[in-house]
Amino acid sequence: MVSLLTVAPCRALCCKILKNVTIPCFLLCFEYKLLLVFSGKKCQYVTMRKLALSLILLFFLATLFAQGSDTGSRQNPETVSADEAEQQAKVVSFSLMPRGDAVIISWKTDIPNARLILYRSIKPFRDLSSLATAVPLASFVDNGMPYIDYPIPHIPYYYALVSESDLLSSQFRFIPGENTSSEAIEIFSEDIIKKPAIPPVRPIPLPYLQLPQQEKKEKHFFSSKTEAILRSLTAKKYTYTDLSDLSRYRKVEILQNEVSAPSTGDAQTLRTIVFEELQQAHWDKAITQLQQFLSLQRTKRITARSYFYLGQAYFFTEDFKSALLAFLTAEKFYPKQSKEWIQYTLMQMGN
Numbered sequence: 001m002v003s004l005l006t007v008a009p010c011r012a013l014c015c016k017i018l019k020n021v022t023i024p025c026f027l028l029c030f031e032y033k034l035l036l037v038f039s040g041k042k043c044q045y046v047t048m049r050k051l052a053l054s055l056i057l058l059f060f061l062a063t064l065f066a067q068g069s070d071t072g073s074r075q076n077p078e079t080v081s082a083d084e085a086e087q088q089a090k091v092v093s094f095s096l097m098p099r100g101d102a103v104i105i106s107w108k109t110d111i112p113n114a115r116l117i118l119y120r121s122i123k124p125f126r127d128l129s130s131l132a133t134a135v136p137l138a139s140f141v142d143n144g145m146p147y148i149d150y151p152i153p154h155i156p157y158y159y160a161l162v163s164e165s166d167l168l169s170s171q172f173r174f175i176p177g178e179n180t181s182s183e184a185i186e187i188f189s190e191d192i193i194k195k196p197a198i199p200p201v202r203p204i205p206l207p208y209l210q211l212p213q214q215e216k217k218e219k220h221f222f223s224s225k226t227e228a229i230l231r232s233l234t235a236k237k238y239t240y241t242d243l244s245d246l247s248r249y250r251k252v253e254i255l256q257n258e259v260s261a262p263s264t265g266d267a268q269t270l271r272t273i274v275f276e277e278l279q280q281a282h283w284d285k286a287i288t289q290l291q292q293f294l295s296l297q298r299t300k301r302i303t304a305r306s307y308f309y310l311g312q313a314y315f316f317t318e319d320f321k322s323a324l325l326a327f328l329t330a331e332k333f334y335p336k337q338s339k340e341w342i343q344y345t346l347m348q349m350g351n
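Numbering-wise (UniProt numbering), the sequence shown opens with residue 1 and increments by one.
Note that these hints are calculated values from the structure, not bench results. Do not rely on the hints blindly, as some may be mistaken.
[As the list claims (entries may be wrong)] Here are the simulated lysine-lysine pairs, DSS-like style, with alpha carbons at most 30 angstroms apart:
{"no.": "1", "residue 1": "Lys123", "residue 2": "Lys300"}
{"no.": "2", "residue 1": "Lys225", "residue 2": "Lys251"}
{"no.": "3", "residue 1": "Lys123", "residue 2": "Lys285"}
{"no.": "4", "residue 1": "Lys285", "residue 2": "Lys339"}
{"no.": "5", "residue 1": "Lys225", "residue 2": "Lys332"}
{"no.": "6", "residue 1": "Lys339", "residue 2": "Lys251"}
{"no.": "7", "residue 1": "Lys300", "residue 2": "Lys336"}
{"no.": "8", "residue 1": "Lys123", "residue 2": "Lys225"}
{"no.": "9", "residue 1": "Lys285", "residue 2": "Lys332"}
Make the full structure from the sequences, and use the hints.
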C-alpha cells in the first residue's frame with residue numbers, strides 16, 4: 001500500500017511502486033539516490049544532493065497542514081469564555097449622593113472586575129452622541145469601591161457610567177437610574193464655605209490710661225487710600241450711571257502667585273488669562289475664558305484664584321451678585337483680599 005511518503009530500498013521495488021501508484025505521493029529510493037515526487041499524472045525527481053532541503057520542506061508543509069486543520073476544528077475555551085464575559089459586562093444600577101463639596105458615585109455591575117468609564121456633562125445623556133459634549137472623568141477596573149468627584153459649584157451636572165464592552169455594542173443605550181443620572185446634581189457655595197464659630201465673649205478689659213498730652217491715634221482698618229474711597233462712597237449715594245467711574249477708584253488686583261512664581265500647566269493658563277484679558281479691561285472675554293477654565297477639575301488653590309479674578313470681572317461689569325458669590329468662593333484660601341472686595345461689592349449692591 002502506498003502512503004504520502006514511501007521508502008523503496010531497492011530499484012526493483014521502486015519500479016513496481018511507480019507502476020501501481022495512483023495517488024500523489026513522495027517516493028524515496030536509496031539505490032537511485034533520488035526522491036521521486038508523483039502528482040498522479042506526472043513524476044518528478046530530486047537528487048540526493050537536494051534531499052536534505054527537500055525533507056525539511058516536506059516536514060514544514062506537513063506541520064503547517066496539521067496546525068491549520070487543528071485550528072479550524074477547535075477554539076480555545078478560555079478565550080471564548082473571556083470574550084463572552086467581556087460582552088456580558090453591564091452596569092445595572094447607578095446612584096449619586098452629594099456630600100459637602102463632593103459627589104459620591106456608587107454603582108453595581110452584573111460581572112465583577114469589568115473595565116468602566118465615567119463621564120460628566122452639563123446636558124443629559126440620551127444616546128451615544130451625548131458623549132461628544134461630555135468629559136471623561138476616569139477609566140478603571142471595577143473593584144466595588146465608590147468614586148468621589150469634586151465638581152465646580154453652582155453648575156448642574158449629569159453623570160454616566162458605561163463598560164467598555166457596552167460602549168462597543170450596537171444596541172447600547174442610556175437608561176436613567178441604571179447607567180446614568182435621571183436628574184442633574186449641583187453643589188452650592190453654602191456647602192463649601194464653612195464660617196468659623198463665634199468665639200465666646202471675654203470679659204471687658206479695663207480702659208487704657210489717657211494722659212492729658214497724649215495724642216489720640218485714629219484706628220485704621222484699611223489702607224489710607226481705601227479709607228479715602230470709603231469716606232467718598234458713604235458721603236454720597238451713587239446712581240448706576242456714577243458706577244461707570246469706579247475704575248478710577250478700583251483697579252484689577254493681581255495676586256502674588258501670578259506675579260512672582262514661575263507658572264506651568266494650569267497656573268500658566270490662568271496667568272495668561274489674567275494678564276492678556278483681565279488686566280487689559282476685556283471684561284467679557286475674561287469672564288468667558290475663566291468660566292471655560294473652571295469647567296474642568298483643577299487644584300483647590302488654582303480654583304480659588306480663578307474665582308477671585310472672575311469676581312473682579314463681574315464687579316467691573318456691574319454684575320455685583322455674581323461677583324459676591326465668586327469672592328465668597330475664593331475667601332477660604334485668600335481671605336484678606338476677598339474680604340476687601342466683598343466689602344466694596346456690598347456697598348455697590350446697597351446703592
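Hints, verified against the model:
no.	hint	in the structure
1	Lys123 x Lys300	holds, 25 angstroms
2	Lys225 x Lys251	holds, 12 angstroms
3	Lys123 x Lys285	holds, 24 angstroms
4	Lys285 x Lys339	holds, 25 angstroms
5	Lys225 x Lys332	holds, 25 angstroms
6	Lys339 x Lys251	holds, 16 angstroms
7	Lys300 x Lys336	holds, 17 angstroms
8	Lys123 x Lys225	violated, 47 angstroms
9	Lys285 x Lys332	holds, 26 angstroms
Violation of the numbered hints given earlier is confined to hint 8; every other hint is satisfied by the structure.
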